[in-house]
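Residue numbers (the numbering used here): 436 to 753.
There could be a bad hint or two in this list.
[Said to hold, decoys possible] No farther apart than 35 Å at their CA atoms in a straight line, the calculated lysine-lysine pairs in the DSBU-like style are these:
| hint | residue 1 | residue 2 |
| --- | --- | --- |
| 1 | K437 | K484 |
| 2 | K750 | K701 |
| 3 | K578 | K484 |
| 4 | K437 | K701 |
| 5 | K561 | K578 |
No lab work stands behind these hints, which were simulated from the structure alone.
If you're wondering where the values come from, they're calculated on a predicted model, not measured in any experiment.
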Amino acid sequence: MKTLTMMQWTLLALMPGTAVYTFIFGLGVLVNIIGVCAAAIVTEALFLKLREEPLTHLMDGTSLVAAWLMALCLPPLLPIWQAATGICLGLIFGKHVYGGLGRNIFNPAMVGFAILIVSFPLTMSKWPEPRAQQHVSEVLRVKFQVNNSEEVYDGLTAATPLDEYKFRSGITNKEFFSTEAERNWRYWYIINVAFLVGGIFLIYRGITSWHAPLGFLISLIILAGVFYDNGSSHSLGSPLFHLFSGATMLAAFFIITDPVTSPASKELLAVYGALIGSITFLIRTVGAYPEGVAFAVLLSNACAPLIDHLAAIRKDSK
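Produce the complete structure using the sequences and hints provided.
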């Protein structure tokens, strides 16, 4: 199947999740997508020109999909210049320094996200209240600001369920979900269901394999189940909570399935997915960041050549 066709189907599958995400979090989501995609196209065109390659390569859709995925991972109120910087650096250091499409080791969208979370921890942790009333002028003021001062966000932001659960100050699972946190988590549940629907569509169309998503989700279920502890104050979160919080379903079906940065061996894709799921759970529960998908993907990208090597050894030994 041609690359352009795959990218077109991927963008189509992203539409349900994008629509629900925008409905819940507002205009900032669309501003992120438009701004990040525009920056990606400009960056891609510049590097194609530098490498003296035809600009028609822009039409393969890969940079657009990478930009769309990164935009969906960003807080809707993130200043647009930071979002644009993230995708530019992600494409440069995650794709073009390796020679362009098909030669990169790391997922460019996750490289960009990782750069942003390390460089701009304040703005990358500011999320709007779900379904909050937002004035267009207020949102645009935040999106196009240069000053990252705390007062700019007053009255606009709230913690995500992963943030709240990680720093819940010793209350039980039942007590946690008897607060406002339950309502916030239900919105994230709906967002994840929408991306799940899109992911199932991709598998049905044969655009992506089921192996890596299954390994990723099963590893999250097993680890969360083992450390759930019946929901005590020391619980690390139920399987359901981890499955439908943060970027779980977006990662499972759209990010970790990148064919370029995944192992070539289909038989070990499930192992690759399980590795990402395990690292994601580890970072979410004991790491410094409430969401661990980006770092889990990048660390596992680095392991992909080793996984392929082990698969080759196994094949030769038969």
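Quick rundown of the hints versus the structure:
no.: 1; hint: K437 with K484; verdict: holds (23 Å)
no.: 2; hint: K750 with K701; verdict: holds (13 Å)
no.: 3; hint: K578 with K484; verdict: holds (30 Å)
no.: 4; hint: K437 with K701; verdict: holds (19 Å)
no.: 5; hint: K561 with K578; verdict: holds (12 Å)
Of the numbered hints given earlier, the model fails none.
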